[in-house]
Amino acid sequence: MNYLRTERKYILYSILLGLAGGLVGVSIFGLSGYMISLSFFDPPFFIIILIIAVIKLFGMMKGAFRYIERLLSHEATFQMIGRLRLNYFKRSIDLKEDTHSVKFIQWLNQHFDQVEDYYIRIIYPYATAALLSLILTILSFYIGAEIVILMIVTALFLLVVIPKVFERLVYRNAAEREAVDTQLYMKLYHYIHDFTDLFVTKQIDENKVKMEEMLHSIRKNEDKNSLYDALMTFSARMVQILGIIAVIILMYQELPLLVPMVLLLLISYFDMVMPVMAPASNYRSVKEAVHVLDADKSPSGMAPEQTDCISRVIIDDLDYCYPGSKQNVLNHINASFEKGKKYAIIGSSGSGKTTLLKRIIQGDERIGLYDHEDKPARESVIKDASIMPQHLDFYNASIMDNVTMFGHFRASEDTVRHLLDELQIKNYQPDTMIAHTGRLSGGEEKRLHFIRMIIEDKHWWILDEPTARLDDVLKEKVWQEIFNKETVIVSTHDLSRLEDFDYIYYMEQGEMIEAGTYESLIERKGEVWHAKERFKDNL
Amino acid sequence: MKINMPVKYMGLYTVICLAAIAAYVGFGHHLSLLLEDIVMARSAPGGQLLLWMAVFFVLYTSISLLYTTVSQRIANRRIETLGRKIISKIDDQTFKESESMMNAVFVHLEKYRPFEKVFIPVVVQTMVKITVIAAAMFFINEIAALILIITAPFVPVYYILVGLRTQDEAKAQASQFDALGTLFLNLIRGRNTVKYTQSEPTVTSRLENANKNYVKETMGILKYAFQSTLMLEFITILGIGLIALEVGLEIIIFESISFYSAFFTLFLAPEFYNALKVLGIEFHNGKLARGSLEVIDKWLEKETIETDYRAYDLADEAVKLSNVTLGYKDINLIENADFTVPSAGFTAVTGPSGIGKTTLLKMILGLHPPGAGRVHIRTDDIGYISDHIYFSDTTIYDYVSDGEADEAHVMQILAELDMMNSIDNLKAGIHTPIVNHNIPLSGGEIVRLKMARVLVKKPDIILMDEPTEYLDAKTEQLVMDHLKHLKRRAAIIAVVHRRQLLKIADFHYTVKDRQIIPRIGGERG
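So the sequences go chain by chain: A and B. Residues in the first sequence are numbered from 1 upward in steps of one, following this note's numbering. Residues in the second sequence are numbered from 1001 upward in steps of one, following this note's numbering.
Isolated chain B, as found in the complex:
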């Protein structure tokens, strides 16, 4: 399992661990001396020894405290950085997979955290512990040291063999658990449909069965994973037993060992095996955590737009596309097309749905880089009107004014757009705080709010994605009147679905055969 931790941290971890384990060995040393006095000499324990034993133990405990604190702080910092990286991958398409993005931040990042927080420190600790104990053992009881070194490899070798087999199954199982959780959430979210179709009994029994199957399969896999822990336990006890036997024989038959060495050996040996066992168990958890990192990595691999791909080198026209190819990974919607928009006037773009009209707007907005070709633009002062919005942490006033207009001005514009009726419905009018879209806005109202913002900001370029539905005649007329006025000094590029809007178009293009073709239809075109 790859551990991608900077060397400096690994070095730091190793040094702290060395100090902690050394202190622990020191504690064992003094404890053994103390017990030799008590058991063999039947004398009172020496105050000096007792003190040293306590000092070493406190030292060990304090350094351990330091180790956990330091290593967990480093881990938490690294997780924070990873979280920032994931969030930086969000773009205008992410909403389609919003659940998966939310899961990456709230579930998988948290599932990965123990890998850095626990697993890596445990690996370092185990390595240091077994090295130090084995080394110390050579000074205490050479034969026991040999037993340690010979039996130790069984543990990791066995674990790696079993771990490899469980890894894939465990990963599959983890994703099944996720799927079951998602289904549960989906059902809760979609309970209205369940209610309307009166399918509650069927749906509940389905959920019940899904859970039963999951438990059955998972227990099968867990059985396997736990069996390997059982084997580890056996190997460990075998090792400890061997050492106990060796110590026993040395004491009774050969009488070649002091009480000090015997106790010290039996004090350290279990620590040695326990360290290996803990590593084995953590190995399994580490594997699972790595699975979450893979999900996160998928997001991190995503390419994002780092810099603005548009060239601000136009003096006369508002937008100019030269030899542009536009599309998604596997399909091109537009190929080697040219398209020029003058600095004022209404440019209508039509064509059947799914042909790339909205993507074209997104490209001009700076949200969708072209596959090839160049996007020239005069200014970044762009307004965008569509029927989609998700308001949060704002008020109608803040949204429309953008800090540039006073209340009276905003009210006047909203009144012109016939919005006051809906606004009066809100508790605090245009100053009603909006949190996570908790105000009911119809598509027509959203369009009018966006229109109001454009009327305040008066940008040089206005992009508009005409809603295919929702707009009633009155709203449409209002919006059109304003557009007619705005087009005198601004370049308006609009994806148009209705003939009505074409009436005010100066230029008309259709997306067809991956080209942007001029059409007769605008007043001047």
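If we strip away everything but chain A, and leave its shape as in the complex, we get:
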């Protein structure tokens, strides 16, 4: 039980308490059965009173045990989920999967949902029920070997045979459910995000019908699940009536006085153990989920700290091809970027600008990073550069937390407030909560990320389309901030400030077509000159 390592203490206690509660619970029934038999044979009155008192005392104890044990088991579960989440997040930093993908998030959600059930509903009740069965089996030695066998057979049926028989069915059903859920999730996401286009192309109804079909299969799946659960209970009840008949037949001759007691014990035992069966049949599906989430974090080898800052980035004959794609997106790219200068990468959409920036950020063997003595420096530009990727990330937390990365960068509320004013983000204050990250508009995201970069305050800035989706006033402000910076690499369609860059790269279809200073490129009247001419046309 690797997954429960830190919660061990709680788990041990809660199982012990659960067991004590269960024992006391069944003995209440047993005692009352015994009391009746005894009463009719003129026992001393105080014995009856004593039994009743014990019954009451046991009842109180059972309640108290159950109370403490529930607290412990819930705390253990919450801690376990918290720890799993934390570990998973740490691991996700180096994951290869695209975590923005809807599919991935859906997968993660499904697995964490299952984990919530893991301890409270599966492990702990089962352990308790198994121990209870064991103790009752040992106690049955006082009555006779037949009853011991009866007890063992019953416990095996309830705890092993019935759950095992249904486990396969439940597992298959769960897999089917997961598949439909994933399908529906994708479909629904598509439907929400492409609604306008589906409406225009008159495909709304067709898509709705498909989703309704999926909802229907979810219902069928749930029906099946319910049926399995009900059948498990039914089979257990059949075992129960056989057990009752067996007890009567086995005991009536030798120990008639004890029959009521044993019968009530048996009935109470079934009431306690039967609820464990259905979750136990789920064990296989849930275990897989927990296992996937709880794989150990391989310690990411921290590169030895190098103090020198990056002075130059040199790209030497870089090719790049996306996995699964036939053609290179980047072909024979050569470029260099020096500290203290400002670079623009321009070119039509789909020319490879974003890919080139991504390569610089993620690192590539064809991209060299050097310090001021031209010695190789650092493994990644991240240490020295603030980055504005195309896809900006925000979190459901306060504005302050979002722009300081939960306090990772130091900034006072006043600074943030001032920056919010400066960039005209009117509806937000530092303490405003972003409840739904999807509600931020594109322009708001850009500006908030800008504030993040200003606060982060690194030497290099690498930006992908920094002025997209901003109005003219804001564009101007953003450009001003950019040109205040020491070193910048910007990919942009907005050519309004092209002349202010020290050096310009022009890309087309994955190749570097032109490069040079603004003046030289304009003089040449090549692609850059053309692009600039057309740009002047903006309203």
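Rather than coming from a laboratory, the hints here were simulated on the basis of the structure. By construction, the Cβ of each residue, glycine as well, lies at the ideal position given by its N, Cα and C atoms. Errors might be hidden in some of the hints.
As the list claims (entries may be wrong) - Partner residues aside, some chain B positions facing chain A, computed with beta carbon under 7 Å:
hint, residue
1, 1009
2, 1076
3, 1078
4, 1092
5, 1098
Starting from the known structure of chain A, arrange chain B on it as the hints suggest.
Below, chain B without anything else, positioned relative to chain A:
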């Protein structure tokens, strides 16, 4: 707690439960007779009795199986219907709250399911059980029956008192748990930014603390909830103890009770209290599930466009807005405006961002009903060009052709739009299956794909939301050439950001002061 279940189902549930409980009482009756024989008469159990006992038990078990199956099937059907209703509330604005919509379908609907599947059947079962047991008890042991009836109300009364107090706290806690889960997902999704800013240690310690606080607060509330279960347990044991005492006294002191009655009483009494206790515990779960229904209800309250609000009564013009007011809940973007678009020609609409230009297009498309006034339109044959799309379950070919053009035609149009380079990059060219937007398309490429579709369909009305960014000179020129050609026979209404496009405009309007004002600027306007 309101149970909104049709009476016919409640009736059905009650009847099945009655049968099940009656069978159980029958089982208890025969078991007690049997034990009286064994204990008192020391005789062998009668085969007949044994058989009847087994028959009643099997009957009880079978009817219980029927009850769970029937009630859960009904619940699942109702949940499916509810799911359909939620999905029908999706419109073109939902993407802004897509997370909340996805949660409603995948989280809250599932959290509500137990309310219909478990809670309602348990309520009915409990009611029937306690009534039948109390009634049966009058025939077995009158004093015990009285004890049952007197002590029973303590359980629900106590639970309601405690339940009311925990309800709000529990709801707040549930939403906090949701928020923590969302933060976790947000962080996973946004791990790139965490990586780029190297803030992992800070962020992890934040997540850790958030979880610690959550556990601490939740345990405080749970403590309270569990205390009430503890109290219930005490009340129950008090009741059972009282009955045991009463039975004991009757046997020994008054010698006024048979073994049969004594055993039967002690057999049924715990069932009675257990039923109440289960109801108490389910009451708590039911409350939580109702909280999820409230989230769902918020979506269900949303108004959707049921029917097309546009009037198809134009013969000459393509679009005519008369006295139209347009906006969102609290703000009007356009008030009492008139606007006419002829059946052919390029109509440009300009104005600063956020002034309502795109909303105007959406209104003509049929996606955004006007607050007041009338939208007249000649036909529903509309094409829409913008830079947003989310492709899924389709191929480039299917999207562009819409089942109306052959492959050669589609290829030719895509070639004209200079798309072949990007298309060749895909594994199976224009037939590459696209699932959840798994192909990299730039804004310019999306615009060109939409243009290609319009060129195939040649609709009578073309609406266009010119992208403010992304379009390079070449794409722009290509798109413009096609528009110039298309405007001869179609009405094009375009939200325009660049002067270039104004050059081909026949009419030019600006949205200003909540009006749509004609401007000099188009060739003819």
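For each hint, the structure was consulted:
no., hint, verdict
1, 1009, "16 Å, violated"
2, 1076, "5 Å, holds"
3, 1078, "10 Å, violated"
4, 1092, "5 Å, holds"
5, 1098, "5 Å, holds"
Taken one by one, the earlier hints fail for this structure at numbers 1 and 3, listed in ascending order.
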